[in-house]
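*Asks:* Take the sequences, apply the hints, and build the full model.
Protein chains: 4
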Amino acid sequence: MDDEQATAEVRARIEESFARQGLMRHLGARLAHVAPGRVHIVLPNRPEVTQQHGYIHAGATSAIADSAGGYAGFTLFPENSSVLTVEYKINLLAPASGDYLEAVGTVLKPGRTLTICNLEVFAIQGDQRTLIATGQQTLICMNGKPDR
Amino acid sequence: MDDEQATAEVRARIEESFARQGLMRHLGARLAHVAPGRVHIVLPNRPEVTQQHGYIHAGATSAIADSAGGYAGFTLFPENSSVLTVEYKINLLAPASGDYLEAVGTVLKPGRTLTICNLEVFAIQGDQRTLIATGQQTLICMNGKPDR
Amino acid sequence: MDDEQATAEVRARIEESFARQGLMRHLGARLAHVAPGRVHIVLPNRPEVTQQHGYIHAGATSAIADSAGGYAGFTLFPENSSVLTVEYKINLLAPASGDYLEAVGTVLKPGRTLTICNLEVFAIQGDQRTLIATGQQTLICMNGKPDR
Amino acid sequence: MDDEQATAEVRARIEESFARQGLMRHLGARLAHVAPGRVHIVLPNRPEVTQQHGYIHAGATSAIADSAGGYAGFTLFPENSSVLTVEYKINLLAPASGDYLEAVGTVLKPGRTLTICNLEVFAIQGDQRTLIATGQQTLICMNGKPDR
Chain Z
14 MDDEQATAEV RARIEESFAR QGLMRHLGAR LAHVAPGRVH IVLPNRPEVT
64 QQHGYIHAGA TSAIADSAGG YAGFTLFPEN SSVLTVEYKI NLLAPASGDY
114 LEAVGTVLKP GRTLTICNLE VFAIQGDQRT LIATGQQTLI CMNGKPDR
Chain B
14 MDDEQATAEV RARIEESFAR QGLMRHLGAR LAHVAPGRVH IVLPNRPEVT
64 QQHGYIHAGA TSAIADSAGG YAGFTLFPEN SSVLTVEYKI NLLAPASGDY
114 LEAVGTVLKP GRTLTICNLE VFAIQGDQRT LIATGQQTLI CMNGKPDR
Chain R
14 MDDEQATAEV RARIEESFAR QGLMRHLGAR LAHVAPGRVH IVLPNRPEVT
64 QQHGYIHAGA TSAIADSAGG YAGFTLFPEN SSVLTVEYKI NLLAPASGDY
114 LEAVGTVLKP GRTLTICNLE VFAIQGDQRT LIATGQQTLI CMNGKPDR
Chain X
14 MDDEQATAEV RARIEESFAR QGLMRHLGAR LAHVAPGRVH IVLPNRPEVT
64 QQHGYIHAGA TSAIADSAGG YAGFTLFPEN SSVLTVEYKI NLLAPASGDY
114 LEAVGTVLKP GRTLTICNLE VFAIQGDQRT LIATGQQTLI CMNGKPDR
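Protein chains in written order, with the working numbering: chain Z, 14 to 161; chain B, 14 to 161; chain R, 14 to 161; chain X, 14 to 161.
Honestly, the hints are just simulated from the structure, not real lab data. Hints are not guaranteed to be accurate.
[To be verified] Using 27 Å as the maximum straight-line C-alpha spacing, the simulated DSS-like pairs for lysine-lysine come out as follows: (1) Z:K158 with R:K158; (2) Z:K122 with R:K158; (3) R:K122 with Z:K122; (4) B:K158 with X:K122; (5) Z:K122 with X:K122; (6) X:K158 with B:K158; (7) R:K122 with Z:K158; (8) X:K158 with X:K122; (9) R:K122 with R:K158; (10) X:K122 with B:K122; (11) B:K122 with X:K158; (12) R:K158 with B:K122; (13) B:K158 with B:K122.
[To be verified] Just some of the chain R residues that point at chain X, by a computed CB distance under 10 Å: (14) A48; (15) R59; (16) I137.
Predicted model, so just to flag it, every value in this text is computed and none were measured. Positions of the beta carbon are idealized from the N, C-alpha and C atoms, including for glycine.
*Replies:* Following this line, the structure appears as structure tokens:
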């Protein structure tokens, strides 16, 4: 699945935008894969992203899920546009632990104005990959407002 | 409204738990008010919490909203319990800028197992207070599992 | 609160549109109040709207909540437009019983393209009014597409 | 996919419960398939289920999605229990038209107390099957409270 790649132009546009997200850098998240309509973001487990019981905080899980969905939509947007999250909903299915999290945002329904994405977050511990959150997101394409 | 205070015991329990949330500390968030069934969390605007256009990232907005709701529920839970977020949904109403954000979590319907909260996030710029996000959250009370 | 009224033109536009909703008629729902940015819809409790335990079905509760929110938004839309629900989320807070339900849709954030509404559903039994559901809804305004 | 079947006992339990849902009967919905952790419900397109533009009302779409998810969870619940919807969120992806709708509820994460389901609704027109709604649902298992 992960062999599919966005074009170099799209990848460059998204890498450049991601690099401007102060929050992603501050959390230690990195862009792991950019396919057309699908983006993966990885977040290493560190004390800086935990909640009170030592698990990864739902806010950190949501942050990478939101960015993964937003950039998944952005891969399909026209060049001179930017992306905003209208809303999302997320279910936390299991405590988030392990070596790192991987958020996968996938476009479910692209649109000229609104794009709907599916959000999944997996916890990876050695060989084991556990779905720990699932969500749904609505994005809006701001036409004529370049991302930078 | 902000004069109502939780008991010293409840405040202490929540402050101590909040202090263990590595993510809140890393983001620079602080517990601003603890009332029975209502908690406020404040997040100063810094480059470390931004998205690609320089606004505060939806993930940071959500993180403090989620913590505010979770602790609002926790103020009403029995002593020997802990709180987990089952799910939440958030609408981002306006770009989040200003001096700081204030998230207000309010219990809408307390319950023995499930508690439903309303989430609101305001952007504060000088005298101006703008509602920039609104959400709804489901919490579960883990009875017999102390928070630490 | 219920004394505020939309203009006669807006009321007429909404009553006429509501009358075309086959589902509302089939469920026995009626438009109870139309204020600017707020609409109430009432649904009598009948065997035709129940779930398996004899309570009112979440689907019926949601249907009137969705219509109340949609028309609340529509009261603020320009004349030559129509309204579509993008998405909504609803929490069922208590079993829905009583004489009838009253759904209240309220615009939280109007917008040229997207409008966000708060949804509340109350169960009324004699003098008692209980909040049984609460939700959040995103609407889209279809400009230049008249409602009929 | 549709060849998998729940046991006769589970099917009987769900058919009997579904038959008690006054709303499903009133809407003209029928139980189309019962697999372990997955239930399909079909709703013929009739004037009785429409919104103001003649499409199927989001409330009708949601009602069958909610029932499909609820019964999908119920296939996995212990015998002496019942199911309640805690909350759900649904995105309406396209106008709902065609000959009939088919809602598919699928358990994503079963649990002793809470079960999370994926909801999908398709519009079927002749040979064509279009995804018109997608959602996410949280159910609660009421142990020791038999469904009837």
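*Asks:* Which numbered hints are broken by the structure, listed smallest first?
*Replies:* The structure conflicts with hints 12, 14 and 16, although it agrees with all the remaining ones.
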